[in-house]
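If you want the building blocks of each chain, they are given just below.
There are 2 protein chains.
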Amino acid sequence: MPFSYLDHLECSRCAKVYDADSLHGLCACGSPLLARYDLERLTGSFKLEQLASRESGLWRYHELLPVSSPEGVVSLGERITPLLPLPRMGQHLDLRSLHMKDEGLLPTGTFKARGATVGVSRARQLGAERLAMPTNGNAGAAWALYAAKAGLEMLIVMPLAAPPIPRAECAISGARLFLVDGLIGDAGALVAQAVAEQGYTDISTLKEPYRLEGKKTMGLELFEQLGWRVPDVILYPTGGGVGLIGIFKALQECQQLGWIGPKLPRLVAVQATGCAPIVKAWEARAETSEAWKDASTIAFGITVPKALGDFLILRALYATGGCAVAVADSEILEAQARLASLEGSFICPEGAACFAAAAQLRQSGWLNPTDEVVVFNTGLGVLYPDTVTVQAPVLRQGDAIPAS
Amino acid sequence: MPFSYLDHLECSRCAKVYDADSLHGLCACGSPLLARYDLERLTGSFKLEQLASRESGLWRYHELLPVSSPEGVVSLGERITPLLPLPRMGQHLDLRSLHMKDEGLLPTGTFKARGATVGVSRARQLGAERLAMPTNGNAGAAWALYAAKAGLEMLIVMPLAAPPIPRAECAISGARLFLVDGLIGDAGALVAQAVAEQGYTDISTLKEPYRLEGKKTMGLELFEQLGWRVPDVILYPTGGGVGLIGIFKALQECQQLGWIGPKLPRLVAVQATGCAPIVKAWEARAETSEAWKDASTIAFGITVPKALGDFLILRALYATGGCAVAVADSEILEAQARLASLEGSFICPEGAACFAAAAQLRQSGWLNPTDEVVVFNTGLGVLYPDTVTVQAPVLRQGDAIPAS
Chain A
99 MPFSYLDHLE CSRCAKVYDA DSLHGLCACG SPLLARYDLE RLTGSFKLEQ
149 LASRESGLWR YHELLPVSSP EGVVSLGERI TPLLPLPRMG QHLDLRSLHM
199 KDEGLLPTGT FKARGATVGV SRARQLGAER LAMPTNGNAG AAWALYAAKA
249 GLEMLIVMPL AAPPIPRAEC AISGARLFLV DGLIGDAGAL VAQAVAEQGY
299 TDISTLKEPY RLEGKKTMGL ELFEQLGWRV PDVILYPTGG GVGLIGIFKA
349 LQECQQLGWI GPKLPRLVAV QATGCAPIVK AWEARAETSE AWKDASTIAF
399 GITVPKALGD FLILRALYAT GGCAVAVADS EILEAQARLA SLEGSFICPE
449 GAACFAAAAQ LRQSGWLNPT DEVVVFNTGL GVLYPDTVTV QAPVLRQGDA
499 IPAS
Chain B
99 MPFSYLDHLE CSRCAKVYDA DSLHGLCACG SPLLARYDLE RLTGSFKLEQ
149 LASRESGLWR YHELLPVSSP EGVVSLGERI TPLLPLPRMG QHLDLRSLHM
199 KDEGLLPTGT FKARGATVGV SRARQLGAER LAMPTNGNAG AAWALYAAKA
249 GLEMLIVMPL AAPPIPRAEC AISGARLFLV DGLIGDAGAL VAQAVAEQGY
299 TDISTLKEPY RLEGKKTMGL ELFEQLGWRV PDVILYPTGG GVGLIGIFKA
349 LQECQQLGWI GPKLPRLVAV QATGCAPIVK AWEARAETSE AWKDASTIAF
399 GITVPKALGD FLILRALYAT GGCAVAVADS EILEAQARLA SLEGSFICPE
449 GAACFAAAAQ LRQSGWLNPT DEVVVFNTGL GVLYPDTVTV QAPVLRQGDA
499 IPAS
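Residue numbers (the numbering used here), protein chains in the order written: chain A, 99 to 502; chain B, 99 to 502.
FYI, nobody ran anything at the bench for these hints, they're computed from the structure.
What you were told as hints is all true, and nothing was included just to trick you.
Pairs count within a copy or across copies, as identical chains cannot be separated in the list.
In silico SDA-like pairs for lysine to any residue, Cα to Cα no more than 25 Å straight-line:
#, residue 1, residue 2
1, Lys404, Gln495
2, Lys378, Arg460
3, Lys391, Ser129
4, Lys378, Asp330
5, Lys391, Gly496
6, Lys114, Ala126
7, Lys391, Asp279
8, Lys404, Ala294
9, Lys404, Ala498
10, Lys404, Val492
11, Lys404, Gly496
12, Lys391, Gln495
13, Lys404, Leu493
14, Lys391, Ala498
15, Lys391, Leu493
Since this is a predicted model, take the numbers as computed values, not measurements.
All chains should be built: construct the whole structure from the sequences, respecting the hints.
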């Protein structure tokens with residue numbers, strides 16, 4: 099049995115086919131390429147029970163990943179992320195079945211590790227030696243560290259206003275790091291120029307097909323954790339949208355393989371009111387989004403004014419009967435603090451946005467109290483310590499703790 | 099079969115026995131109590147193969163943990179931490195078999211989660227409602243978040259000079275947080291007073307017996323990952339020493355159970371030259387340590403001038419033919435950067451100290467090139483972003499990435 103059933107690449111818009119054995123960027127039509135597998139052959143030769151004896155973590159799904167041999171895998175020890183029951187937060191939100199898939203427990207502290215372990219592995223396998231990407235921070239940190247593990251060179255460009263901790267991660271990995279006085283699109287323009295003139299391989303969001311395959315494993319893991327079925331609703335913080343597109347791709351592949359039934363979870367794209375192009379497009383039932391002007395939110399990871407894969411995000415929302423919701427920064431911070439005090443998880447603002455969205459959707463009646471709801475937290479709260487206001491009295495020797 | 103085989107508590111110094119069904123602090127003689135299990139009965143009724151079907155993570159060893167029922171477990175989704183091969187760092191250090199057990203992949207980002215999940219669970223089970231502890235940061239953060247999950251009240255006192263991120267974790271959990279202009283001993287004195295006067299349960303290092311049981315699982319996991327055998331050498335960053343004492347306790351219990359053979363790994367306690375009381379005691383072949391004056395190191399987590407369990411640490415070193423090593427802050431930072439650029443792991447200074455120690459021990463010949471060496475990294479590097487110097491040029495629109 100082959101390690102991977104990768105068969106070819108296919109354009110997400112015009113369906114043009116490319117071979118999967120060499121490096122490809124976008125389709126000639128300018129749209130992202132998607133990895134396609136020989137699912138028919140896999141159905142005949144693989145049984146789900148075979149998974150039971152495999153190690154925990156996303157590489158257990160290697161048949162549905164693009165790396166052709168175990169030796170090609172660049173790993174920092176990814177494990178399955180927990181699906182945590184949140185009974186007290188559920189009670190607060192009037193949701194009887196609320197779970198959080200906590201992606202902060204991956205190497206580098208965010209879900210970006212999934213894209214990086216798969217993307218870096220495949221890039222190296224196909225002969226790339228110098229990678230370049232624009233980033234809002236966490237993706238750059240993840241790719242820089244996985245690239246270091248793989249012995250590849252990495253160029254990272256991130257907005258000056260991005261949170262500072264990912265800078266440290268990029269710097270210590272040995273990556274070339276530049277800051278740009280602008281947003282992620284400005285970083286992308288600088289990267290595109292370096293790719294054109296200096297021979298870097300462009301690994302920007304959806305400009306190569308394999309990061310998405312890593313993100314897809316969020317869906318695979320979730321469905322396996324639920325006993326190969328889907329919840330009623332999945333809330334996901336949405337910037338570039340690769341996570342949501344990946345979960346939808348997992349859904350489609352699992353259905354084609356017969357691993358799950360025909361039921362679809364309603365997918366919810368969560369954005370901030372300061373940058374909500376997908377919400378605006380969804381409300382207009384549009385096929386694509388328009389660039390958001392003056393984008394700004396405390397949830398920096400989802401500050402993406404115009405996503406290359408916007409039409410894929412919107413397709414996933416329409417196909418599953420989902421929706422798109424925008425929440426205010428104040429709601430994000432309130433949800434972040436409430437979750438920490440009720441459930442002990444200190445999550446990132448992007449993840450917290452999903453709990454704020456759940457509150458809105460419950461109030462509007464879009465969510466029922468009995469819906470089985472899964473929220474994805476995409477990263478650690480400690481990556482954004484400035485989101486927390488600390489009030490701590492300073493004591494000196496001879497002082498005492500005041501009675502509470 | 100019982101969920102736990104906990105039988106009684108025993109003083110680590112005078113061997114006095116206490117019942118395990120109520121809350122106890124130190125023994126009347128002032129020494130830590132150790133949890134003892136009915137290992138004979140466990141040997142008769144349990145086979146290692148039974149572990150295979152259990153979920154990944156430390157609670158799989160529940161027979162050797164103090165919580166008496168699954169309902170008593172307070173979890174944030176702990177998973178087995180990876181044992182990462184480090185071929186490039188090994189080549190640099192001239193060590194042919196070098197692995198790192200990466201404890202940064204636990205909830206709250208440090209090994210402290212092990213002590214917190216077990217300690218908080220057991221404290222709640224025994225009826226504690228208000229917990230108090232002094233901390234250098236990470237333990238406080240872990241206990242504060244697990245206590246929030248458990249619905250318990252928490253009082254945390256930490257040095258003013260401790261790294262700032264754990265403050266945010268404590269604050270957002272809803273804990274009462276105080277800073278003290280002093281070291282961890284000063285924080286401990288304030289906690290002791292609050293315990294005496296305000297009815298808190300003291301969960302300071304080794305002042306209750308169950309945190310150690312959580313730490314013990316580092317050993318259990320490691321031995322299981324190696325196929326129920328031990329490596330030649332284990333390096334561990336040592337402040338209060340509970341991690342090292344826990345690994346040694348795991349060794350003893352696994353040997354009594356026949357899960358591993360008689361071979362002992364040489365345990366190495368790693369400290370910083372700015373706070374090395376255990377190293378000084380080990381060099382003098384002493385049974386206890388003396389308080390270190392003017393303690394200071396960048397590896398703040400191991401700034402413990404006088405550990406309550408010093409005699410237990412030293413016992414473990416002597417019993418296994420191990421040693422204690424001090425490394426300079428400059429060596430710590432060099433090792434941290436080298437590991438990140440060679441192996442893609444951004445680790446905390448305490449973990450990095452162990453790689454600096456490995457370099458010393460290899461140079462001195464204490465480590466052989468063929469020794470199977472396991473280093474414990476106790477936490478995430480991102481919790482200490484200030485240990486990294488970031489040099490990143492700022493570009494503006496119209497600029498270009500310079501050729502490399």
